[in-house]
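A.B. asks: These protein sequences, in sequence, are chains A and B.
In this text, residue positions in the first sequence follow this note's numbering: the first is -6, and each later residue adds one.
In this text, residue positions in the second sequence follow this note's numbering: the first is -6, and each later residue adds one.
Everything labelled a hint here was simulated from the structure, so no lab data went into it.
Small disclaimer: the values here were computed from a predicted structure and weren't measured.
Any given hint might turn out to be false.
When chains are identical, the list treats them as one kind, so a pair holds in a single copy or across two.
[What the hints assert, rightly or not] Within a straight-line C-alpha distance of at most 20 Å, the following computed SDA-like cross-link-like pairs (lysine to any residue) qualify:
no.	residue 1	residue 2
1	K162	D181
2	K140	D181
3	K140	K171
4	K140	A176
5	K109	A120
6	K123	S107
7	K60	T49
8	K123	L112
9	K140	W92
There are 2 protein chains.
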Amino acid sequence: MSTLCVPSQVPSVAEDCEQLRKAFAGWGTNEGLIISILGHRNAAQRKLIRQVYAETYGEDLLKVLDKELTSDFERVVKLWTLDPAERDAFLANEAIKKWTSSNKVLVEIACARSPKELLLAREAYHACFKRSLEEDVAYHTSGDFRKLLVPLVSSYRYGGDDVNLTLAKTEAKLLHQKISEKAYSCDDIIRILTTRSKAQINATLNQYKNEFGSDINKNLKADPKDEFLALLRATIKCLVCPEQYFAKVLRLSINKLGTEEGALTRVVATRAEVDMKVIKDAYQKRSSVPLEQAIAKDTSGDYEKMLLTLIGHGPE
Amino acid sequence: MSTLCVPSQVPSVAEDCEQLRKAFAGWGTNEGLIISILGHRNAAQRKLIRQVYAETYGEDLLKVLDKELTSDFERVVKLWTLDPAERDAFLANEAIKKWTSSNKVLVEIACARSPKELLLAREAYHACFKRSLEEDVAYHTSGDFRKLLVPLVSSYRYGGDDVNLTLAKTEAKLLHQKISEKAYSCDDIIRILTTRSKAQINATLNQYKNEFGSDINKNLKADPKDEFLALLRATIKCLVCPEQYFAKVLRLSINKLGTEEGALTRVVATRAEVDMKVIKDAYQKRSSVPLEQAIAKDTSGDYEKMLLTLIGHGPE
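Same shape as in the complex, but just chain A (with noise of 0.2 Å):
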């Protein structure tokens, strides 16, 4: 469900190093020869390039791109070019220094991340700042947040597929009972999300649905300004139909009076190796316009051919 492009003859490493090396040479910088690259390249021969790049040139491909490339456009070469644990540290970090209660960064990470991709992203959190990332989250937000927040970045959930249908029967109505008392923050609803399992989750909010006839994130929108609110219908996208809440995320910062480069740039380079493929499905059914065309018309020069090359239609 990738839509990068990894050409069937790929180049050797060291050949991949010596071109973005000519890509920084001189005057001016050859863009279009770091997205023939980087642009085509998967997880693990970006972060070979990386380790080859430094032992051969002495430098840190990233710390080059931070010098060479410029705005938008640096952004999302660098954030792609990140193994991908890393760059959820880095994400996370980000979000955690520059918190707000609006910020879904966590959440994604959290949840539309597998319970081993998550440790991972843990792993790197400490490698590159000397802290845990639940400590930080801990630190950083108070409240409802916080009693949201912390545990959904420490869960590490069973990643099998095996349900308790009794439970789930059982979890629901509780759910159920607890958002009609508009007790959206109680122990009940937090231990829930974030202990179970996705797919006993997914069981759970299929058997709220057939119970009580509505979808339970339809009940989660009493207050649609209420900004927890939205961090728990969050998660509940994020666990269940990661692909729907993205091409949503592309909606709204498409759709802005000016689009929003943050998130765009982020679920592209997250996402474009994972299921971007489903995820433009998504959009262009809620949307009736394709995600390229989209792209294409509100952003412009290499960074609109950085983000078509990885969701799959660049210039080559």
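On the provided structure of chain A, position chain B as indicated by the hints.
C.D. replies: For chain B alone, kept in the frame of chain A given last:
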């Protein structure tokens, strides 16, 4: 700091398996032979023995031990034979199923292991029980106990030695303030104890002592019968001085009218390969009797032999 004695010339795994098979054969079981093998092999060697035993005889060694051995001797041999991560998963599950507020096993597993070891225990828990550790803890506990235990078992603390002294001073003050207010289960106390690295917590507690002239655990003894306070004290001891914590558990379990085998067995099986030498020193210093002497006085038979073997005073 391990008390395990592995002979300089270890027989091949196949030989060990053959000898074990012999020990189980016919009428009666040769307990001495079992002790002489399993009691003198490290975790990696025992793992290999289990693997080769299953391949050779088509039976899980653990199940055979279950069938052939009885009571306290059975339990210590089985706990010891388990891989450390699996053993922790097993002990944690047992503690959750028969959870009482005085049970400290979850705290031991969450705090007296390295961050990586706790992670491996959580992985083993997935594999053994098809659920996550934090999921079961959250489901089976409540109130203040849940508030402390869930983040404790979910933590993946930073494992480095880096310490922020300014933060240590601030958080020492914060802890003191909250303890003075008797707000023992407040968000701040829980956050600091469940997310900070062991090195950072150690620095904070040193600041606490310097600034306020007493050990934090002294101040957490307002009501000696309060089980939550006891759990907080155990948390702190397991984080900063696990050897003293375990020496005390041994002291209490041996001094009871009738030794409390549960705790004695658990401590010996989980610490023999870790820090039993230091625990023995701490025990002797405080009890004026060597641990081996206390164990020999209070236990008997094969159980006694196995315990003494694991703490380095076996028959051979």
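A.B. asks: Find the hints from earlier in the document that the structure breaks and name them by number, from lowest to highest.
C.D. replies: Failing hints: none at all.
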